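Sequences and hints are given; from them, build the entire structure.
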Amino acid sequence: MRLLHLLSAVLLFPSALTSFVAAADTPESVQLDNDYDESLLLKTLPGNSVLASFRFVSNGTFNDHHHTVFPRSLAQILEHSNARELHLKFSLGRWDAEQWGAQIWDGHTGGGTGVELWAWVEADDDAAADKRWTTLTNALSGLFCASLNFIDSTRTIRPVLSFQPEGHHANPDRLHLLHGGLPREPVCTENLTPFLKLLPCKGRAGISSLLDGHRLFDAQWQTMSIDVKPVCNSDGSQCRLQVVQTVDMVLDVERSLQRRDSPVPKPRPLDQLNCDPTRSYGSGDNCFPQSNLADLPWSLSEIFGRPLHGSCPLGTTDVCVVAPADRQVFASQASAEIKTGDKRCYTLPQKSDFDLLLPRQSPPLPIEVTPPPLYASRSFTGHGQERGGVQAVIRNPSPTETVKMIYLESLPWFMKPYLHTLKTTIPNSLVDLYYRPNLDRQRGAHLEAALEIPPNSTLTLTYDFDKSVLRYTEYPPDANRGFDIAPAVITTDKGYQIRTTSLLLNLPTPDFSMPYNTIILSSTVMALAFGSVFNLLVRRLVGAEEVPLRGQKLRGLVAKIKRLGEGKRKAE
Amino acid sequence: MSDAKIPPSDTPENARTRSWVVLSFWSVVLLLGVPLWWCTTSIYRAPLPLNEMQSWANGRACRAEFPLLVDVEAPLLPDPEHLLKTVQHALDDANDFSAHHLRLRLSRSQSETSGKDGRSVLHSTQLTSPSDGHSDEDESVAAILRLTPGESGSTHSYQLNNSSRVIDLYYSPSYNPSSTASSTSLSIFISNTLQEIFAEEQQMISHLLSSATSAPSPSPSAPGTTNSSNGSNKVNVAEVQRKMSRIMRYSPTYHLTFSLFTASGTPTSWEIERSIDDYLQPLLDALSGISNFTVDSQVQFYASMSPNVVPSWVPDNLEQSENLQQNGQPGKWVLKRDDLSSFINSAEWPLASITSYPTINFIVYVPLEEQTPLYISESATNAFLLPQWGGVMVLNPSKPTTHLSKDDLKPALDIFAAQLMSLLGAPSHPPSLPIRLDSLTRQRSAELLTSASSTLGSLYRLTKALPSISIPTSVSTSVGSTLSSLNNACRELKRGRFSGPGGALEEGRNAASQAEKAFFEKSMVGQVYFPEEHKVAVYLPLMGPVGVPLLMSAVKEIMKLIKDWKIRRAGAVAA
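Heads up: the sequence lines are chains A and R, in that order. Position one of the first sequence corresponds to residue 33 (my numbering), numbered consecutively onward. Position one of the second sequence corresponds to residue 1310 (my numbering), numbered consecutively onward.
Don't read these hints as lab results, they were simulated from the structure. Keep in mind that this is a model prediction, so the values were computed, not measured. Some hints could be false.
To be verified - List of simulated lysine to aspartate or glutamate pairs, EDC-like, C-alpha gap at most 16 Å: (1) A:LYS383 x R:GLU1657; (2) A:LYS163 x A:ASP184; (3) A:LYS234 x R:GLU1657; (4) A:LYS229 x R:GLU1657; (5) A:LYS383 x R:GLU1679.
Unchecked claim - What follows is a list of derived Cβ distance ranges for each label pair: (6) A:PRO547 x R:PRO1344: 23 to 31 Å; (7) R:ASN1617 x A:THR413: 41 to 49 Å; (8) R:ASN1617 x A:GLN365: 57 to 65 Å.
All residues carry an ideal CB built from backbone N, CA and C; glycine is no exception.
Okay, structure coming up:
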């Protein structure tokens, strides 16, 4: 019923009629000819999830103060801080590699939980680079309404092996790579609004019109990334400053639809529950929910809460859907379909709204996912408040190929690892190691390990660390919550990047009224000592029976009051 | 109970020892404890020349003077000295604001080579930095007055060139130096002309100086100013205030942002770079003696006006009803005057810059195709100025276009140039640009002087009002250099050296920046608030238990002393 209703409402017709095959597959190559390009890739994932990947590419010019599609605010920041290449990521949630497979764009758009920033800054020496890095973080903090200004020297590292510049640089020798992260930063709409403002069409037209904070931050996993780099065409004759903005998210279709049907979540009536009748314990009042009975129907306007308002007139717009070939896809009337394998791309109408509809499919079609080159997870081991341990489990699922990778860990200064405890479970897997120990309150520890994992095996990397006791004022207001530890970054030799989740470290937390207690206690002790010495010196010592009866008067007074009280009682 | 065993009587030595003990405790407290406490808890306050600061803030320290030198060239006039004297007299009589006065001088070129006409002088003073042509002279010339006989039968008249500071004054050929009437009429005409040219500057400067000092200074525009009738003086004050309120605070550098805001996706490009080079750069170069400028530009698409700004449709033919607008009825969209204050959609429009110096924004707004043409009511230029912020112009492309050419942008940039001048505070009156720039230099010097003085005054009041803030040495050195710069600036003003290295403008700039540096010293802001309750909470646990026995014993000793003294006196009296 709902499907029919939708069909009549949006005026869709099967795009299969107009489909034709085109060979061109949009490559990740350098797009230099246009000032601006945008593309949206939708991909159905197992478990009724949809991956939506928005990509906006704007090209600007170098050393020029006149900007068209390249955002002026960003260009100013880059100029002031002498940053030549910049990568800024805002992420939330966890990419479920077991279910969804490899990350899109080889994981290059995904950042660690919270905010992650790395940049190549041009400077004469390290001190100058640090200064410019501070300028950069402060300016970006203002631009994106994020606490990036808290990336200070204790959170900044200079990775040696993990990151390589992606752009074409004129004098790479003068570039300094700096990297910092804020795992605790809550990414929210106040970061999305400035992100959208950088786009030439500002969420008014084109695919950016779908981006809505309510849906984006409701996703199971989402990341916003901004990558600025100088790019040149193959013969190096033409170079431009390119900013690539991406928003990737995994939406749970069921959750999105539920939000549409009942904005206030409430339990489903019993007759609408999908119970598994084969389970013996699930009979009667108990219900064992059955999942994946069908591929749920969804449309763009349903999962994003708003339709797509035409195309952005400033550049080309692509909308593509990757879904099993047998699954039907309906598009709005004024659009043409280009089909390549299981990828269907659509041209957008200039002014009118555009929508896509995938109808209900039961039983669900199997979706093939490409497995990632590695699976990784990281956790704390040990107990107590004095020391602990870290264990990273990395699995190579490939049956034939050995994977070479670099494991990067950036630890806060109050977490002091012991390098001699660094162990891997597979012998001879540790190829290379770069370690820069921490200095209290100046810099954190920085660990990079080049590892080799043989096919179909699991490597566990462990090390122990000491927990420091912080100073009274160094604790945050919610000290008992713990301290977030930035995710580890794993880069394979083929350029694929995975980030583990962040960790929550519990440090010994003092009682914060302690200084006042100490002051009062020590004052009391001092006063006691002083009082007894002073009294000994000043008082005159006499025998007990020689004490003049000083209390005589007082005693008489008390007796008088007593008598008075008795007299009153008698009168009553 | 027991019939009271009396304790052995206290020996006088014991009593004396006890007194000594109490006394020594107290002396330790007073001589060691209190100074120690004082030293460890007191706040460092560097000495500041408070009196001097206050006198600058009150405007007593310096009586700013703006002597303007006018060179007079009169190659064909017999006895020019006499005429100059009369004109100078007339000027001095008419001038009631003594800080700003005109001084006439017979041109040196005339006294040296009398046959030469003034061409060479004109060349040397053409539209360049004010002091360029006069680097050999100590004092800069504000204007050159060239007296030449006019055509026969004409009356006195004058003419100003746009690009030089030469005033061509044509006197009537019937002028006869020996006739008193004739010479008086010419001298009055000359003095009126000069006053008219410098009237606006004089008003601005007197307003600046008077508003800066709370003490009443000579009334800025008293009756008798020759160029304005008595009735319009009040209007003039309001006008000057309006002009002053527009002016951006002085800064050695300004950032100019030119933005093209389009309500839709078109036009997509504009020839702003070439337009700025051709139409605006000459002006910016001319202004470089006062402030420097950095320029950038941007294009923003889909920039809508603030939601509460709704233009209304006005058909050309008023008899037609309003709902005919869809039928291609000619007409226009009109923005009301009230809408302009909220025209800038600051929530949506990315106009902020990260530069440390102020930004002046100039916006070309291209409305939606459906709302074209869009006009601002009662505006001939279709542009408006936002005080201390920038300028906006609504541009209606003649046809839907994706590119704005240099010619399309020329009107906009001409308006922006005029707006820039008034945002910087240049007087609008004399058409000659060099004279206006000179005026601007003097005005900015006055502004810097007053702003530095008032910053010093604020610092003075701050240090008086908050005794608990610390004053680091850097503040005291900054204040010192501010004061010396202020003194230099004041001296240079009196000497008439306004621009150039070491001139009043540069000294004023130093003074203002040093004063700001002193006032916004970071470590002074840090610990302004340290509540008294905290101190009590920290001191009481120690001071209470220690203080009470000390105090009690002191009281006891004093009582005993008084008692002894009384007994001794009674004994003496009895004896």
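Problem - Violated hints - listed by number, lowest first - result: 1, 7, 8
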